[in-house]
Every structure is written in C-alpha cells, then in structure tokens.
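Now that you have both chains on their own, put them together as the hints suggest.
Protein chains in written order, with my numbering: chain R, 1 to 128; chain D, 1 to 345.
Just so you know, these hints were derived from the structure itself, not from any lab.
Hints are not guaranteed to be accurate.
As the list claims (entries may be wrong) - Calculated pairs, DMTMM-like style, for lysine to aspartate or glutamate (alpha carbon to alpha carbon, straight line, at most 20 Å):
| hint | chain 1 | residue 1 | chain 2 | residue 2 |
| --- | --- | --- | --- | --- |
| 1 | R | K128 | D | E12 |
| 2 | R | K46 | D | E12 |
| 3 | D | K303 | R | E89 |
| 4 | D | K303 | R | E79 |
| 5 | D | K302 | R | E79 |
| 6 | R | K83 | D | D272 |
| 7 | D | K302 | R | D86 |
| 8 | D | K303 | R | D43 |
| 9 | D | K302 | R | D38 |
| 10 | R | K12 | R | E68 |
| 11 | D | K314 | D | E288 |
| 12 | R | K52 | R | E79 |
| 13 | R | K46 | D | D272 |
| 14 | D | K241 | R | E89 |
| 15 | D | K303 | R | D38 |
Stated by the list, open to error - Now the in silico label distances, taken between C-beta atoms and shown as ranges:
| hint | chain 1 | residue 1 | chain 2 | residue 2 | range |
| --- | --- | --- | --- | --- | --- |
| 16 | D | G222 | R | V47 | 48 to 56 Å |
| 17 | R | K46 | D | W238 | 35 to 43 Å |
| 18 | R | P5 | D | D123 | 45 to 53 Å |
| 19 | D | V335 | R | P56 | 40 to 48 Å |
| 20 | R | E122 | D | P281 | 36 to 44 Å |
| 21 | R | E76 | D | G260 | 51 to 59 Å |
| 22 | R | E122 | D | H110 | 54 to 62 Å |
| 23 | D | E73 | R | S94 | 57 to 65 Å |
| 24 | R | A114 | D | A137 | 33 to 41 Å |
| 25 | R | E98 | D | R124 | 50 to 58 Å |
| 26 | D | E197 | R | E98 | 38 to 46 Å |
| 27 | D | Y67 | R | P5 | 48 to 56 Å |
| 28 | R | P5 | D | G279 | 31 to 39 Å |
For each residue, glycine too, the CB sits at the ideal point set by N, CA and C.
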Amino acid sequence: MANYPDDLQYTKDHEWIRLTEDIGRVGITHYAQESLGDVVYVDLPKVGVTVKANEPFGSVESVKAVSELFSPVSGEVIEVNTKLADAPELVNTSPYDEGWMIVIKLSNPSEVDALLSAAEYEDFIKEK
Amino acid sequence: MVAFAGWSLPVEYSGLVAEHLAVRTAVGVFDVSHMGEILVHGRDALKFIQYVTCNDAARLVDGQAQYSALLTEQGTFVDDLLVHRLAEDAYFLCVNAANTAKDVAWLAHHAAGFEVEVCDVSDRYAQLAVQGPRAAALVQSLVVEDITGLGAYRFRRDVAVAGVPTLIARTGYTGEDGFELYCAPADAGWLWKALQEAGNPLPCGLGARNTLRLEAKLALYGHEIDDTVTPFEADLSWICKLHKGDFIGREALLQHQAAGPARKLVGFEVADRVPVRDGYPLVADGREIGRVTSGSPSPFLKKNIGLAYLPIDKAVVGTQVFAVVRGREVPCYIVPTPFYTRPKA
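So that you can see chain D by itself, here it is in the shape it has in the complex (with noise of 0.2 Å):
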C-alpha cells in the first residue's frame, strides 16, 4: 500500500506483471475511487467550459466524453481531466486526486462572470476501471441493456451494473478497450463483489496503472505535465483548439506555436538490460539535454522504456541519447510512440 493525496492505494495485488498482461490479454479491475469528479452546472455551462479547457466541448453531445486540460494564462498545465457532457448546462469532470482541491479553486476563481455553479462531488463517487479485451463481455453480462455498443469516449447515466446505479464510460488509462464505473461509495463494494463473481478480472494496482499507461504513452501528472510545461510540448497540441474562441492561456499558445517549442516529449527504448526511471539525466555530446519523466521495464514489450523532453534537434526518431544509471552511460535510442498500440478488432 501506498499514501497518495490522503489515500490509501494499493501498489499491486498478485504481482505487478501478472496484472499488467491481465489486461493486455484478458481482463483487469482498479479501484481508482482517489480520482477527484467536479461537476460545473448553470446556463453559462458551455461557455465556462470553453473558457477553462483547451478542447473544444462545443463539439460533445449529450453522452459524450473528451479529454482536455486546464491551463495557466501562460499555456502550461493546471491539470488534465475528462470531460463529460451531461446536458448542454451540465459538465462532470474527472481530475487527479492530487490536483481536486487546486482545480476547483481554480475553476471557482474563474467562474466569476459565469452563471455557473462549480461543485467538488469527489466524495459521491467511487470509480472502477473495468480493462481489457475481455472487459465489455465481463461488464455487459452485468447490464440488461447493450453496452457494448457504447463508442469509444461515450457514456450513458444511471445504467444498473449488477444492480448498482452507474455512470458507465468507455475509457481508460490503459490504452485498452474498457469501462469506468461511477457510483456511490457504498455500492462500491457490492460492484467489486459482483465483477469478481461474473468473470474474475484481476484486481490490479498503481503499479500496473503506471506501466500501462506509459506503454500507451499517456501522460501522468507530476511526471510528463505540469504547471512548468505547454500541450505543445507534451505532443498534446490535438487538444489545443485555438480557433474555437477566447480560452484561458490561448494567447500564450498561440506566441508559443509561432515560436516553435525548444523541447518535446519522446519516447525511447533503452538498448541494455538495465531499467532506466524516472529522473534518471540523459545526456548527449558529453552534456545534460534532459530527465527522464516517466521509466520503466515494459511487461507486455519486455523492453525498457521510458518518456523524457528532449530539445527538438534531438527529439528526432533514431537519435541517440545515453541515460546515466549509477554512473554508467546507457545507450537509449528515441523511438516512435505510443510504444503499445491496442490491435484494431
């Protein structure tokens, strides 16, 4: 078990590898009830929104679901989140557990002007991640109606899953097909019981969370973003819709895209067998060029991996950075990424 945000999470159950090829092959559960759920509501809803986030939500239908972030006023990071469009007048957010309480004083503070009411529901939702190939037969023997239909970043409300009211998307953080359950934290357990019992999908840790997101190469807070780095520089600008009006840090964007960010988010695969992690230096021509944010062994590629912001003449597929681990100069090549893409059904 580890603290986290003043939670209590589990770093692995059966083993971090078991669990990370459960879901790559077959079928995981994570109890991520730590994520913060903020719900913004009034007739200024989507205008709000709009100023807040980068993406465009003019373009969610009731139903749907898209991820986005909140900047500064100097494009760098607030958080990233989720958002969902409940009604025209209603949005719920899913934000890091760490970064709840900053974001809704943060929205709070923006929300002045709005006729919008801002609201911290974090303590009405417990959430299970329900991942894998095997995940929407698992869920759907739960659902009376089809689920497995849903699209991808769709949701529906009030959906019984073994009986427990749910708002069920199909998302994740683990760049497989799955869902994620919302529903209040008594029948959180109930939910759990019941997955168990129709299909036994493993119970699954932080541990396997982060290797599977950064084989999918999908960015942590803390580590890939935060309030000292752009969109643009994090290989994110296809959330950055700088033409759908004013937002808030869209002026620094725009300067910053005319300009050309100095530095990029890569990917690389480190030729030895030594794991190389986060923070580890990586150098080039006898000199630090950066750090890593993200390393680890990759369970399902069984290679090294690991995410660093490089400056652009080396954030080029095939250039040659070396990582120091304890030392020693290891030769890591920038490859392609994500380094894990699900195959098409």
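So here's chain R without its partners, still in its complex pose (with noise of 0.2 Å):
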C-alpha cells in the first residue's frame, strides 16, 4: 500500500527508517504525519550526534502539539534534513520523501530485527 511503502521498516513509534547497509534515512510515518496536523517545526539533531534506538532525537510540532521523535536505531547523524527548517509543511506533504529528517551510520545493525514491516506496521496501526 502507497501509505506505507513495503521497501521502508517501522517502529511503534511511527518512525521509518529506508536501509541501504549500514545506513539509515529515517523519517515520520503517514499516520503520525496525520494524526499531528500542520507541521509548524521540526527540531532536529545537528551532524555527529549519537543517538540511541528507541530514544528521543528530536521533536516535531504542529499547531495543536509537540511530540517527541524517537530513532529506530543506534548510531551516528551523518546528515540532516535542513530544508525542514523553512519548509516543515514537508513532512506532511511528502513524508517519505523530500519530509525525511536524518541519517544514521547504523552502531548496533542487530538492532534492525526489532523494527517492523510495512504489513506489520499497518496492523499495529489498525488495532489502534
């Protein structure tokens, strides 16, 4: 289904994350992207971050709120979405795309086991 792409993983989070070896580009899902409304901001870790999988990295906000982002993996920021700062209306115009937010060197590739697939992402966000 176009809603959730079969070649990008998920988290319960609504996060997803497109692997290409050890790196990761990762981004909000078209649920949250709904769910939240009008992006207004989106904050975001600076280059050579680390970041923790299942920890916050950031925060992204619409009108009515502000809601965490939390990484579907460990690792380094080896690249930043910076055209979010002036166009954050991306993120729901186009979240798999031109809305993604970093860029991760994957620490822990294990990790990837954890996360789901796009059938498995679309029955979590059923029962929801």
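Shown next as structure tokens:
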C-alpha cells in the first residue's frame, strides 16, 4: 500500500527507516503526520550527534502539540534535512521523500530485527 | 477525542488549522454543550447577582448579557462567566464546565440572607456556537423573525431555529461575530444537522476554539485566570465596577488598586519559527520572570504567539524577553493585544 511503502521498516512510535547496508534514512509515517496535523516546526539534532534506539532524537510540532521523535536504531547522525527548517510542511506533503529527517550510520545493525515490516505496521495502527 | 470535566470532546474534526480559518473567513460550528448553566431567580436576584459578581448587572436590560466574574474575598477568580438577564428577578449564567459544581456550591453558600434560588440547569441545555462572518446569514436562514439585527451581547428566548426552541445569544469565544444557541439536549442533534444542511458550517473542535480565543486574547480559566490572580492582573479591570456597591472581593480589589498590581498579563510574539507553549518559562537578565499561560502557533496570523504574567517593569510593549524551549533561549517581544481584532463590517 502506497501509504506504507514496502521497502521501509517501521517503529511503534511511527517512524520509518530506509536502510542501505548500515546507513538508514529516517522520517515519520503517513499515519503520524496525519495525526499531528499541519507541521509547523521540526527540531533535529546536529550532524555528528549519537542517537540511541527507542530514545528521542528531536521533536516535531503541529499547531496543536509537540511530539518527540524516537530513533529506530542506534548510531551517529551523518546527515540532517536542513530544508525542514524553512519548509516543515514537507513532513505532511511528502513524509517518505522530501520530508525525511535524519540519516544514521548504524552502530548496532542487529537492532533492525526489532523493526516492523509495512504489513506489520499497518496491522499495528489498525488496532489503535 | 479528549476527556474534559466528565465530557468526551473532539480536539478536532477535519483539522485544527482548517477549522480555525473557517471561523475567521466563513463559518464554523462548535458543540459546547459541556458549558455549565445556572439559573438564579427570586425577588433578590439582582441584589444577589450584584453581590456575587464584579461587573455591574444593574446596567443590564432584559435580553442583555454581560461578561463578568465570581471573585473570592481576596479578589481572585472563582470563575469567569456570562450573566444573561432574563428578567429583573431571573438571571441565566453560563459558566466553565470544570467549575460548574464549584460555582453552584459557591453561589448557594452566599445565597443565605437573599430571597433567591440557585439551580444548576446544565443538564437541561445543550449549546451550539455558530461563529464566523457568515454565521448571521446562516442562522437567519433557519429563523423566521429577524435576528441579524440582534446586537452584540443581546439575546432572545424561545426563538425557533429550524423549528427547535432556543435561547439565541449574539455571543461567542472566538473573536468573530456569531451566535450561541442554547437548546434542549434532545434537540441538539437535529439542530446540528439543520445547520449543516442550511450552510455547511465547518465542525470545529476544542483545538480551534483554543487558538481562536487566544488570538482574540480571551482568558481561559485554568490558564490566564484562577484563584491566584485578580482581574487587575489579568487585564480585566473593565469588568470590575468598584463603585456599584458592595460585592465579594471588592475590598481586596480596592487595596490592590491602591497598591498597583505587581504583575500583568501581556501578549508576546516569538521572533523564531519554534512555537512557545503553555508552561514554558520566560527569562530576562538571566532569571525566570514568568511562565506562559497559553502559547501556540497562530493559524490566522501565521506567527507564534502567547500570553504570560510578567512583572510590571517588563510588561511593556516592545520589551524583549526570552522563552526557554527545550533548553534554548528564544527571543520574544511584548506586543499590543488582542493579537487579532475582527475587521469592522
């Protein structure tokens, strides 16, 4: 299903990660952006910062609320989507492409086993 | 949906921003049936209302409403409310849902010595608020008699809206023109549908209600006002009629007025894209000087705005203070309020 691409892996905190070997690009899911509503601000870490699996790496804000962003994996942030500073709405309009947030170099690739497939994630959000 | 004072209320329907903008530019409808309604009647009703509220109810005529407050002996807020004069011996009060039981107990306690009866009639009323520049045309299309001529803060009883008997008041909590329709709970569903069929007002939730009232700088109990602040601090001295005669809190207010309040509610704009929200600390010269009572991105003005109590020397338009957002100090400027005033028709 287009809303949850098969080539991504997902967390129960509504982040996705697109893996290429030990490099992962991270953002939030269609479900997350729709629940948040109009995104007005994204707070992201700086390149070089170390993040841990299931721990906050930043926050995303809509008009109604601020929500923490949780990292799907541990590692070092090697790239940050600076376009979101001036165009946070990309998280709504293009959550899987232009709305990506950070790129992580994984320090423990086995953590990937704990992530959900697209089908598993869809089942998870249906239960909500 | 969110739990609130025993009610389950929608935060948003189609989306907060769309709902907010619909009220500013067209028309929206809110189900505000959670609001409390209290009937005060009896021979001493006016005398009693004068004693328990700070505004001057003697200025009201039948069919007129007034923004006012119940104050403690210390001059702080028990609640803010709308006082509707049905007749000289009957007043209909609209109060905050979370405070209804407290207000009724407060009024009953102070009714001793007055020939007056205080009844919690909240269960007898649902309330729909139709708000926005198109509200008058929409509501008029469902009413036979002319209601577009109803003045601000005026109301009429027993007006049939789509056949539903209502108390229809030209009031609201959005900074726009509009009506609040009080009807029997059993009729509210029908009234909601009739409004939808007549003009598709966008259903609006608590989220938009909050951002709309913030732009218009309307106080919210539990945020700008509670039993620790006085109307003078809250920039609501205009509802305190100190020369109308005795009322609860008057002595404290007179002293407070003579001494001058040490802090004041002000509005600020954030000079940054990051929103500043309720509870965030405000600092100046390296120390905390206040906390944000309400803060949010403003959907209409497309700025981040907020309200806070600041010491008098900082409560000056143009003053720079800093909000602490996740450890970062973000510059904010005190600005004139309300942030938004509706254009004159």
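Hints the structure fails to honour: 2, 4, 5, 14, 16, 17, 19 and 24
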